[in-house]
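Since the structure of chain A is already known, use the hints to place chains B and C on it.
Chains as they are written, first to last, in the working numbering: chain A, 1 to 123; chain B, 1001 to 1794; chain C, 2001 to 2101.
A few of these clues could be false.
[Claimed, not checked] The calculated lysine-lysine pairs, modelled on BS3-like cross-linking and capped at a C-alpha distance of 25 Å, are:
{"no.": "1", "chain 1": "B", "residue 1": "Lys-1632", "chain 2": "B", "residue 2": "Lys-1291"}
{"no.": "2", "chain 1": "A", "residue 1": "Lys-91", "chain 2": "B", "residue 2": "Lys-1089"}
{"no.": "3", "chain 1": "A", "residue 1": "Lys-109", "chain 2": "B", "residue 2": "Lys-1071"}
If you're looking for bench data, these hints aren't it; they were derived computationally from the structure.
This structure is a prediction, so every number in the text was calculated from the model and none was measured.
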Amino acid sequence: MKRKIIISILLAAVAGMASCSARQPHAQEGMNSGGHPELTDQQKLIACSECHKSETPDIYDEWYQSLHGIGMVKCYQCHGTFENMAVVPQKSDCAVCHTAAMEKCPADKLCWECHTPHTFKVH
Amino acid sequence: MAQSRREFLKRTAALSAASYIGMNLPYRKQNAALAADADSWHRGSCRLCGTGCRVELGVKNGKAVALRGVKDARTNFGYLCMKGMHFWKCMGHPDRLRTPLYRESKKDKFREISWEKALDIAAEKFADSVKKYGNDSVAYYGSGQALTEETYLFQKVFRGGLQTNNVEGNPRLCMASAVGGYLTSFGADEPIGGYADIEKAHCFFIIGSNTAEAHPVLFRRIMRRKLDNKDVKIINADPRISQTSRIADLHLQFDPGTDLALLNAMANVIIEEKLYDEKFLESYVTCKKGKKETVSFEEFKKFVADYTPEKAAAICRGNMTPDKIRQTARWFAGSKGTLSLWTMGINQRKRGVWANNLIHNLHILTGQLLTPGADSLSLTGQPNACGGVREGGGLCHILPGHRLVAKEKLRNQVEDAWGIPHGRIPPKPGYHTMALFSAVNEGKIKALWVNCTSPMQSLPNVDLYSKGMRREDVFMICSDIFPTLTTEAANLVLPAAFHFEKTGVYGCTERRSQLTLKAVNAPDGAMPEVWIVREWAKKLAEKMDDPVISKCVEPFEGLEPDFALPKAIWDEYSQKLTSGRDNDLRGATYTVLQKMPDGVQWPAPTEAYALTGGTVKKFVRGMDPLADTHAKDDKPYQFYGHAHDDGKLWLWLREQADPEEIPDKDYPFYLSTGRIVDHWHTMSMTGRIPELLRANPYAFVEVNPRDAAKLGIKPGDMVEVESRRGKNFLPAKVYEGPTEGMVFVYWHDQHPDRLINMVTKDGYDPGSKEPEFKICACRVKRISGPKPLKPYIV
Amino acid sequence: MPIGGFIVNAVPEDLEVAVAFLTAIPEVEIHGHDKGGNIVLVIDAPDSEHMQRVVKKINDCASVLTVGLTYLNVEDEADTIPAGADVTGIFHGGPASGSAG
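This is chain A alone, in the form it adopts within the complex:
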């Protein structure tokens, strides 16, 4: 419940500040790109996607239809769990599986500069 309230306030705040934020990337998705609201221990037992299916449906759908979604590479692999959560993963998180790509792809670029996050298609 608290989670829902925080999220709704967050959305309201984003809307309210629109005037002062001409550059507001992904304004609609503002909340999920941020840090995670606090959860109770019981809430931590909900799979990430259970909430994000409704809280960030676009991202969920992108992921679910992607090769990661079909191949069952879930949220926590890249983003960690609550204690070690990172909104933006490390390149080394990708390297766990994509060792070959690490050699092939340009070293000075982050993986997601070319491979769109969650859908993982090359631009």
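Just chains B and C, lined up with the frame of chain A:
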């Protein structure tokens, strides 16, 4: 609000902002395991399923800190699944067992004792039992997760030393039916081809396997194959729509237990529409009604003529139609390479061997075998069920090197290799798993050693068999890395070293043996099993006053346990006991295995050959060295398997057979069980990794929406699932997964309310003795609305 | 006591001026900036209205082009809001959590 919490929020706020512009803030490095943080990388196999993915463990300051895939490995090409990426994180868990624990009576509390004392007690109890109650009053129950060296040494001491064939293991619960199928259809255990066929296949027939969750890395390869080749067809046959079905062109849904009719009907279509390979049948095939009863192909035709698609569709129900069966058969027969894949949905069945035979039948009929992309491939669930247990002699009826206990000549070969007198290995096979635990219940087994598995959770109808293990007069040793439901019932708990804390070989699904070297130290007090068995055997020899027991471990005396000891055991096994056998591993020495990124596929008689990777396809001349040495004629395929003296593949006449229990008015639903992607087996490892635990903290029951509507069950409601044997209380997931009239429960949960093996049935296949976990009858009722639940790990 | 994460876009040539301006505001912490004029900052204010005022102050700075909010935590204030939202979510169904992350 606490200061630290505020700091955390600020950091989070900054990270969020930085993430938009791709800016690197110093504290973005929140993950404990960064690739760059490791001092050294150590190659080995994944600890979990039977795929055999190769990984590198990153070690820093003597501790495991990271893991990555090995891109040159022909099993996974660098890819890992969810649980594979995380398994190493349980190594440093505070629950690790670190000191032997003992209690005289199971009513007492455990107390810590020294290794010296623990091994003394272990030896004394086993010696006493043998002296008082005979050799068959003791037993070993092992695991498809033990290293080959471990299983081999345990069985050597039990058979050669204690003179009993009561050597079993949990692979009996998972792939005994596949063994039976391969032996009776192809004359030799284990698949002809392997994963390399995935990239060459044009049609996948996935039946009784949720590959996406149980073997995700192989699933990725299948998915990739389909994406790269639009003509590739995927057929998924399963009573339940699963993640695997997402890539299927055709999903065949049917009532549990009716798939033998489906498979026979596919054979019917193949014959009706003349899609079979006449030349292949003439050259290589015998039709069989019984082991000693050969029949003509005409009789086979007559037999399957009865299984018309119309008849089968009526038996199968679900979404099955005669047209779907015809389409499936045409795709199967007509593709340029058809690969069948299955696992427990076929094996854990009252007629699991028959179901295996009927899949093989389709490949034999169509000649979809031995050529690129064509194979009949049983996927294994454990990392070393094939290597350690099937090949290493880890079941009651087999000796190392695919030898049958019942054959004197083969027993003598083993006795000679061990340098012990003929007659030392008893001629009678021991108890198979279900008979073993029945014997425990009856008090016939007085001393039981359970290694690296948890039968208190993993046996079917587990309440019944728990009673035996809890008996005061059954002395139970349990060697493991964590407390489990089974260690809770033991008298003596021995703390073992984990994967990467010791050295040894795992053999995966596709006849591939791979070495994992020790990379980090075990927690103080935990020891490798090979050391435990050797030291125990020495004490046993004293107490029994039997020099033959000493002889069993004599070649390993004084060797340090981290490398030299397992290497000596592997050398003895591979050089002396696989020589002249179909799983010839003489070329797969530690030296070769250390060089290979991904191990060696047997047969591999020489080191030079093993260094090429070994045998990709068995039985094919020019590809399999044994096909050349065993060749009887000029034909390109040579079926030299020891189980078929005619050197032919056998096409079986097997009727549709019902499961042991089918729904009735009292228990109107089918119950089936399975694995979830985030957890593995009894959750003792994956349940201790927060990422994995939270992804699926407890088991739930899947209910078809139409059944849920009838029963008034809403998502999240607590539901009682009850069979004639026991009941569970689980939260419900209502979704279009299980077919109408069937519920499905994941089996990893240890909580007594959600331990589904209290409900499953212990009927088993009369041939393979593998229990029918996958099908029983139950009733389902709503108990209450949603309730908060807590995960439960012993 | 809300905490917000922001991206400020400053005129690249005026970056130093903007940073100096922001440093002088007590509620603001600067966590990083780049050559492109992006500045990552966190505002820690006693209440939301106060935060709004700080944001306006930054936005009024001539060297600042935009101020963008990316994260806002107002859980202290959330505690004081009367309960009323529905309690769902812990065990709701949907595709097998097998299917989900």
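Verify the proposed pairing of Lys-109 of chain A with Lys-1071 of chain B, using a straight-line Cα cut of 25 Å.
21 Å, holds
Decide if the proposed pair is consistent with the structure: Lys-91 of chain A and Lys-1089 of chain B, CA atoms, cutoff 25 Å inclusive.
Holds: Lys-91 of chain A and Lys-1089 of chain B sit about 20 Å apart, inside 25 Å.
Quick one, are Lys-1632 of chain B and Lys-1291 of chain B close enough, alpha carbons at most 25 Å?
22 Å, holds
In summary, the structure agrees with every hint in the numbered list given earlier.
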